[in-house]
Every structure is written in structure tokens, then in C-alpha cells.
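Participant: Let the sequences and hints guide you as you build the complete structure.
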Amino acid sequence: MVSAFGNPFDALFALQHALEANLASDWLGAGTAGLGTFPPINVFQQGDDFVAVVELPGVDKESLNLEAKENTIRVAGRKAIEYDATASIHRRERLSGVFDRTLSVPIRIDPSAIRAELRDGVLALFIPRAESDKPRRINIG
Amino acid sequence: MAAAQEVQVQQKREVEQKRESMVPTRVFVPVTDIFETDQALTVVLEMPGVERDSVSVELDDGVLTIEGRINFAKYDGLQPVYTEYNIGNYARSFHLSRDIDQARIGAELKDGVMTVTLPKAEKAKPRKIPVN
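One line per chain: the protein sequences are A and B, in this order. Every letter in the first sequence is one number past the one before it in the working numbering, and letter 43, counting from 1, is 43. Every letter in the second sequence is one number past the one before it in the working numbering, and letter 13, counting from 1, is 13.
These are computed hints drawn from the structure, not numbers from a lab. Since this is a predicted model, take the numbers as computed values, not measurements. Among these hints, one or two may not hold up.
[As the list claims (entries may be wrong)] Estimated spans, in silico, between C-beta atoms of each pair:
hint: 1; chain 1: B; residue 1: F72; chain 2: A; residue 2: D133; range: 28 to 38 angstroms
hint: 2; chain 1: B; residue 1: D61; chain 2: A; residue 2: E70; range: 55 to 65 angstroms
hint: 3; chain 1: B; residue 1: A4; chain 2: A; residue 2: I138; range: 46 to 56 angstroms
hint: 4; chain 1: B; residue 1: G77; chain 2: A; residue 2: L19; range: 23 to 33 angstroms
hint: 5; chain 1: B; residue 1: E20; chain 2: A; residue 2: K134; range: 37 to 47 angstroms
hint: 6; chain 1: A; residue 1: A130; chain 2: B; residue 2: K110; range: 31 to 41 angstroms
All C-beta atoms in this analysis are idealised placements derived from N, C-alpha and C, irrespective of residue type, glycine included.
Facilitator: Below, the structure is given as C-alpha cells:
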């Protein structure tokens, strides 16, 4: 895959496609109950089920609150950064604070079967599709 | 008590490579805080998804280089459906302005956050630092 942008318009078109994909996607629909856009979420499909991967560096299990309801999943919590008060800060790029985001899922899920793993600052949510949502083979008699 | 600040999304910045690498993986700049106390200089980097044995911290001739590699095998069999952020390795280096006691450099990785503690002292030969 070519990595360099030879044509400056490629960057613009890529941005436009990304925006259109975001609007057209059923995931993370508008009108969420959550506050904002943090944390960024990637959603993958694994067979019939879905896996949502969220980057939450510096957030441990106690600071994270996950809830599932019908077809939404809520990721909320607090990212805390604490430094020594006597320290002199040379560079400050990390951001801290509270976050609250709701992910709307376009398929029917089984909320009691969702599995979450938080390791090395990455949260993986295994979202199994509800049995009632899986396609059933129709036999031709 | 005032409402807590809401965390903002930080888009990952890609490292500007001076030379191309053979394997086409993307390398990003980890978000970093650097602060200094009387005893030591501390560098804190956010590298989510990096495991303890995939990180390297090196101090060579006054330049501190930190690299973290992601285990892409975890994404085998996963088809992207909706993506908001990029996934790649991390690398960043800094020129050290102070003389550091290389023998006592400490590094810790927890929840994807790497903390490198550089105690201040006189200059020594370059060497690798074990990660706890």
C-alpha cells in the first residue's frame, strides 16, 4: 500500500469519505446520551459478533463504568493524572478529566453476554449478536 | 464543587520518517508529559496496547529513545466496521538537557502509560535500561 500522499487532493477526498462514512454509519448514531467524543472507538466484526476496541490509557478498572442496555453500550469514567505539586512541568500533552460516551449498536445484542477486557490501557468489548438476530437457514422443501 | 473537566480526543500524530521502513507499519507519536523535580526528570508517555515486553527504552549520547510495539496478531480475524482512531506502533526521542545517572534509570508500564524516571547525576556511558 502506498503510504505517501502524492496528490494533495487525496487527503481532501480521504477526509470527505471519512466524514460521509461517519454520517452514514449505523454505529454511534447521533443523539447519544453521552457527553462528548472521548474515548475514540473502533468497531470490528468477528464472524457474527462484534468487537469494540477503545483506547483508555491510564484508566484502570475502578475508574471505568460500563453499562449495556437494549442496543446501547455506555462507556463512562474518569481519567486521572496526578503529579507532584513541587514538580516543574516542561511539557504537558496528556489530557485528563471525565468521559461519558454511549455507543449505539445497529444489531440486536444480548446485553447479559457482553464480555469486557481492560488490558494495557485498551478496553475490548466482545458484543455477541443475539440468537434471534442471526439469520436462519430456510430449507427448500 | 465545579464539574470536572471533560476529556478531549487527541488525534494521533504520525512520526515523520526520515527513512522508509521495510515493513509498512505506521508509527505514531505518543502523548507525553515531562516534568522535573530536584531528584529526577520524569517522562510519562501514553502507549495504549503496548505490552511490557514490546517496549524499549534507550539512552545513547544524550538522546532518550522510547519505542513501543503493538501486537497486531490480536486483530487477526477482525474486520473493521467503524473506525475512529488509528492503530500503530509508538516512538519518540528526546535530547536530554540534564546529565542523568544512567545506572539508576527506572521505567514502569501500567495501563498503557509508560513512566521513565531519570535521576539527575553526572554523565556516563550509554546503555540499555530494563523495564519493570
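Participant: For each hint, tell me whether it holds in the structure or not.
Facilitator: We went through each hint and held it up to the structure:
no.	hint	result
1	B:F72 x A:D133: 28 to 38 angstroms	30 angstroms, holds
2	B:D61 x A:E70: 55 to 65 angstroms	59 angstroms, holds
3	B:A4 x A:I138: 46 to 56 angstroms	53 angstroms, holds
4	B:G77 x A:L19: 23 to 33 angstroms	29 angstroms, holds
5	B:E20 x A:K134: 37 to 47 angstroms	45 angstroms, holds
6	A:A130 x B:K110: 31 to 41 angstroms	36 angstroms, holds
Hint check: no violations occur; every hint is consistent with the structure.
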